[in-house]
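Visitor: Sequence:
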Amino acid sequence: MAKTNKRKTRIFILSVCILLVLIAAVAFFGHQLLFNNLDQDEKAAIDDEVGKITQSIVEEILNSDTDYFSETAGTDSGENAEGSPQTSQSEGEPNSQPDSKEDRIASVIAKYENGFEKLKREADAILARLVEEVKADYKALIASGGGKTDLIRLGASYTNKVNAYESSFDSGVTLLLSKMGEDLRAAGMPEGEVKDYIRRVEAEYKEIKEKRQAQMLDKAKEYL
225 MAKTNKRKTR IFILSVCILL VLIAAVAFFG HQLLFNNLDQ DEKAAIDDEV
275 GKITQSIVEE ILNSDTDYFS ETAGTDSGEN AEGSPQTSQS EGEPNSQPDS
325 KEDRIASVIA KYENGFEKLK READAILARL VEEVKADYKA LIASGGGKTD
375 LIRLGASYTN KVNAYESSFD SGVTLLLSKM GEDLRAAGMP EGEVKDYIRR
425 VEAEYKEIKE KRQAQMLDKA KEYL
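With positions in the sequence shown counted from 1, the corresponding number in the numbering used here is that position plus 224.
Simulated from the structure, these hints should not be mistaken for lab results.
It cannot be assumed that every hint is accurate.
Unchecked claim - Quick list of in silico lysine-lysine cross-link-like pairs, DSS-like style, CA-CA up to 30 Å:
no., residue 1, residue 2
1, K344, K433
2, K267, K435
3, K325, K344
4, K363, K267
5, K267, K433
6, K433, K335
7, K363, K433
8, K335, K419
What the hints assert, rightly or not - Here are the simulated distance ranges between beta carbons:
no., residue 1, residue 2, range
9, E431, L286, 27 to 35 Å
10, Q264, D420, 34 to 42 Å
11, D271, G412, 31 to 39 Å
None of these values were measured; they are calculated from a predicted model.
Virtual Cβ for every residue (Gly too), placed ideally from N, Cα, C.
Using the sequences and the hints given, assemble the complete structure.
Guide: Written out as structure tokens, the structure is:
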């Protein structure tokens, strides 16, 4: 009985040692795969792609600013959108203020909300594209007889791409938030309210990221 217990103890200790070695190996090689697999050219291409998307959105916002001021300039000069003289309001009727502080702030918020929504759609489209690519690569790998290590490398490769895109989109969001803050201040929003609004947008973006990451993980589990 004593010999049997000693044998079981040795087997248990040996099993634990083997498990620790495997965990260490996975941790080491997983780290190497995750952080040393994406070359600088690929990262630069991703940054350039997302940078162009962000810049296009910024330019669209700036152009909408130009349109807004052109319209208000026409209104201030006493002409309507068709160039005809404005008819005066009847006495006693309250005079509307299309360029009041509240309207300017609302205009800024609307433009940037639209910009953030476009950035989100672009991110969703890119991630959907990556999912289709990894599905195709996975099927090709299985058809060619790829092993577990090949699957790990494939998963790591796409994890790196997703992380790189996420980092680039983070930079895009930061840029839009910075410009939005400037425009809100210029429109007359108090500094405290500007900071509160930016924090709220940041929290919403973080929530969207977490949901997207969970969706990507679920997709990955289907194939890897």
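Visitor: Indicate, hint by hint, whether the structure satisfies it.
Guide: Outcome of the hint check:
no. : hint                     : result
1   : K344 to K433             : 10 Å, holds
2   : K267 to K435             : 24 Å, holds
3   : K325 to K344             : 29 Å, holds
4   : K363 to K267             : 25 Å, holds
5   : K267 to K433             : 20 Å, holds
6   : K433 to K335             : 22 Å, holds
7   : K363 to K433             : 28 Å, holds
8   : K335 to K419             : 18 Å, holds
9   : E431 to L286: 27 to 35 Å : 28 Å, holds
10  : Q264 to D420: 34 to 42 Å : 39 Å, holds
11  : D271 to G412: 31 to 39 Å : 35 Å, holds
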